[in-house]
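Q: Sequence:
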Amino acid sequence: MNYARTFRDNPQGEALYTYGTTAFAEIFSVSGCLPINNFRLGQADDPASISGDAYNRVLLKKRKGCYACPIQCKRRIALKDTQYDIKGRYGGLEYETIAALGTNLNIVDLKAIAKGNEICNRYCLDTISAGMTIAFACECFEAGIINTQDTDGLELRFGDSDLMLRLLPMIAQRQGFGDVLAEGSARLAQRWEVTDISANLTVKGQEIPMHDPRVKVGVNLEIVI
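Numbering-wise (my numbering), the sequence shown opens with residue 1 and increments by one.
No lab work stands behind these hints, which were simulated from the structure alone. Some clues are possibly wrong.
As the list claims (entries may be wrong) - The list that follows gives simulated cross-link-like pairs (lysine-lysine, BS3-like), each with its CA atoms no further than 27 Å apart:
1. 87 with 62
2. 87 with 111
3. 61 with 87
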């Protein structure tokens, strides 16, 4: 009990209680390892818009945590405004989702990212794989590897939150171009014959997490068995 009472006396413990993992987006941007535009960049133009303080101000409703945990770092969110109706039962987004459905797609609207998180949780989609697959497709589109004939007329551009929110249900239900994206980045790279380009950010067929290995060198190790 004494441990639980005093844990937040440590500044790191208090920070985890206040922000959970949501502070990492701004911190990583300052250090240059926040994924942006399919890892082509590492710093956001306006990191404050996706900061832990912005998250708490815009989305946070309640803190929860695992049994007997003194930190209570889990975020409970809800939002009802003119654009988004975000239901709390689908859980609060954490750093990986803020980056995968947000900054790596050049989207810095926390409300839109939270709605994307809700859609993924509703359909049991992994937010990292979903966001990275969309980012890979956007880069291939911008490079001219695929075009609107391949995407059912969709213009795949970074920074388009409406596109992200439209594609996620299509992926889950395998509708239209979403049926193609549902295969994931590694299979798409084979399909589009671009397995050897830098945009294909997969390891052993799995999309990489939201930590730039050019800065966080510890995640740059691939174990080959």
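Q: Now, for every hint given, state plainly whether the structure supports it.
A: How the hints compare with the structure:
1. Between residue 87 and residue 62, the direct Cα distance comes to roughly 13 Å. Compliance with the 27 Å bound is thereby established for this hinted pair.
2. Using a Cα cut-off of 27 Å, the hinted pair residue 87 and residue 111 holds, with the two alpha carbons roughly 12 Å apart.
3. About 11 Å separates the Cα atoms of residue 61 and residue 87, which keeps this hinted pair within 27 Å; it holds.
In summary, the structure agrees with every hint in the numbered list given earlier.
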